[in-house]
Amino acid sequence: MQDNITETSPMTTNRVLGDDIIVIDNLYKIFGSVMAVCGFSLTVRQGEVVVIVGPSGSGKSTVLRCINHLEVPSDGSIHVDGVHLEDKKTNINAVRAEVGMVFQQFNLFGHLSVLDNITLAQRLIRKRNKQEAEEIAMEQLRRVGIPEKANAFPRQLSGGQQQRVAIARSLAMNPKIMLFDEPTSALDPEMIKEVLDVMLDLARGGMTMVVVTHEMGFARSAADRVVFMDQGCVVEMAAPKVLFSDPKHERTKLFLSKIISH
Amino acid sequence: MTGEIQTNLNNNKDQDSRFSVREFPWWLVAIIGFLLLMLLLIMTNPDYNRAFNFIKGGFGGIAGFQQGGLAGFIGTGITITIYTTLVAFAIALVIGLLAGLGRVSTNVFVRNIAITYIEFIRGVPTLVLIFTVAFVIVPSVSSAIGISGQSISTNARGITALAVIYGAFLAEVFRAGIESVPAGQTEAARSLGLNGRQAMRYVVLPQAVRNVLPALGNDFIAMLKDSSLISVLAVRDITQMARLHAGSTFRFRESYLVLTFLYLSMTIALSLILRWYEKRLRQNAR
Numbered sequence: 000m001q002d003n004i005t006e007t008s009p010m011t012t013n014r015v016l017g018d019d020i021i022v023i024d025n026l027y028k029i030f031g032s033v034m035a036v037c038g039f040s041l042t043v044r045q046g047e048v049v050v051i052v053g054p055s056g057s058g059k060s061t062v063l064r065c066i067n068h069l070e071v072p073s074d075g076s077i078h079v080d081g082v083h084l085e086d087k088k089t090n091i092n093a094v095r096a097e098v099g100m101v102f103q104q105f106n107l108f109g110h111l112s113v114l115d116n117i118t119l120a121q122r123l124i125r126k127r128n129k130q131e132a133e134e135i136a137m138e139q140l141r142r143v144g145i146p147e148k149a150n151a152f153p154r155q156l157s158g159g160q161q162q163r164v165a166i167a168r169s170l171a172m173n174p175k176i177m178l179f180d181e182p183t184s185a186l187d188p189e190m191i192k193e194v195l196d197v198m199l200d201l202a203r204g205g206m207t208m209v210v211v212t213h214e215m216g217f218a219r220s221a222a223d224r225v226v227f228m229d230q231g232c233v234v235e236m237a238a239p240k241v242l243f244s245d246p247k248h249e250r251t252k253l254f255l256s257k258i259i260s261h
Numbered sequence: 000m001t002g003e004i005q006t007n008l009n010n011n012k013d014q015d016s017r018f019s020v021r022e023f024p025w026w027l028v029a030i031i032g033f034l035l036l037m038l039l040l041i042m043t044n045p046d047y048n049r050a051f052n053f054i055k056g057g058f059g060g061i062a063g064f065q066q067g068g069l070a071g072f073i074g075t076g077i078t079i080t081i082y083t084t085l086v087a088f089a090i091a092l093v094i095g096l097l098a099g100l101g102r103v104s105t106n107v108f109v110r111n112i113a114i115t116y117i118e119f120i121r122g123v124p125t126l127v128l129i130f131t132v133a134f135v136i137v138p139s140v141s142s143a144i145g146i147s148g149q150s151i152s153t154n155a156r157g158i159t160a161l162a163v164i165y166g167a168f169l170a171e172v173f174r175a176g177i178e179s180v181p182a183g184q185t186e187a188a189r190s191l192g193l194n195g196r197q198a199m200r201y202v203v204l205p206q207a208v209r210n211v212l213p214a215l216g217n218d219f220i221a222m223l224k225d226s227s228l229i230s231v232l233a234v235r236d237i238t239q240m241a242r243l244h245a246g247s248t249f250r251f252r253e254s255y256l257v258l259t260f261l262y263l264s265m266t267i268a269l270s271l272i273l274r275w276y277e278k279r280l281r282q283n284a285r
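Chains as they are written, first to last, in numbering that gives the first Met the number 0: chain A, 0 to 261; chain B, 0 to 285.
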């Protein structure tokens, strides 16, 4: 597999990890007769970048979608920033406003301009006025490198540009955590880098990130920890250097040999 | 030889703008031909002319309004047909939107109320429903809220019936529109912290409505045609006027051909506008 990111010295050393911000304990998710996730546990600390890898159907995306309750767990518990999501009294909308999510298919709002895509939730949820929301939107657009597209509509943008707008839309809410669900899987090869660069930049800035991806180059250069999942369970969890160079389990070795060999 | 190929290439290039026997709308020529023929008859033949003037009815204008209130202002014939269609469709849009939202609601009670309404209406013939609404439901409801049933005009009953009937059809149109918006749109909205209602209002509905505009246009045309059914309530729309004219003069051919002419010219005009709009929509969507 081609690495889209030039390997740099691990930056994990100069980042400071804070308190536990996501605590997933013994998570189960069952769809009909299929057990997508069985007994998944993970603790993510503030400022940490965790990359989840694994074959398709291994439950990676389901775990990610449980973190903001787009999927409701069948069993187990999830705490985000100290809030117990499965508690009936929890206002899930308030939690979601603090947890940005980037999707494989971008999911920009097709009827709204780029600027309106980024200001909608700011105005409704953060109660910012039009001017303030637009200033923040422009700031985020500059951050992802496409301020000139503010008045364009999603269908006029390339996939890479759409995904960067989607990232800007999440960032404008000032989230504490960013979740990425295969953010580059729907992109043409030449657009993958522009999205990964934005994500790498975010990681360097100290954002707490949980990323499901097949981009091993990104995992190697940005992740503090890589989680390898198979059939709904964690097989192995380690620093990228350790996991990629010295995997402990046969299943991990097999997976890595398959995706890295060509 | 090369010149020939060149010409062929040019032909291909200009295919859109050039006359094409296969693409030319011959059907429209035929229909416009019929309409023009009718217009000619109306202008030259006294029997057709009399039928036309009687059926289209008088427009009361301001004087009529001062004399006869709203009914005088509306006049009879074509104004009643158009007025009935517009008002009934506007009410049907509101009912349809509410029932369509109820149809996709996660609340079991709300959803079943909506489905009951929709299936009830869809299971009964339109003509039967017009009688039932006009002579059973409107009097019962009005007496229940303390209004005398007698004070409600037959036209108002007809409009109510059409609105209730089309509300059910439009509910299905809105439901289809809502379901045509990908689930990812809702997920993206919810992931930003919008609640279900906000996601529906600001993200899903605007796109759903845009997707179903052509279908709504078709239903508007269908309602214009079905408004003829309220003539059974003796509302003096163009259909009732044609029946009256035919009955009193025994000029059946003139009366019903003029009636056909009136409906067809309105529906064809609307359907051409709709085609043009859909074409523009497709170009914009690219």
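Take these hints with a grain of salt, some might be off.
[Stated by the list, open to error] Rough simulated footprint, nothing fancy, chain A against chain B, three-plus residues with beta-carbon under 8 Å: (1) 177 to 188; (2) 217 to 225.
[As the list claims (entries may be wrong)] Short derived list, chain B residues pointing at chain A, Cβ under 10 Å: (3) L193; (4) N194; (5) Q197; (6) Y201; (7) A268; (8) L271; (9) L273.
Honestly, the hints are just simulated from the structure, not real lab data. The beta-carbon is built from N, C-alpha and C at its ideal position, and this holds for glycine as well.
We went through each hint and held it up to the structure:
no. : hint       : result
1   : 177 to 188 : holds (count 6)
2   : 217 to 225 : violated (count 0)
3   : L193       : holds (6 Å)
4   : N194       : holds (5 Å)
5   : Q197       : holds (6 Å)
6   : Y201       : holds (6 Å)
7   : A268       : violated (29 Å)
8   : L271       : violated (27 Å)
9   : L273       : violated (21 Å)
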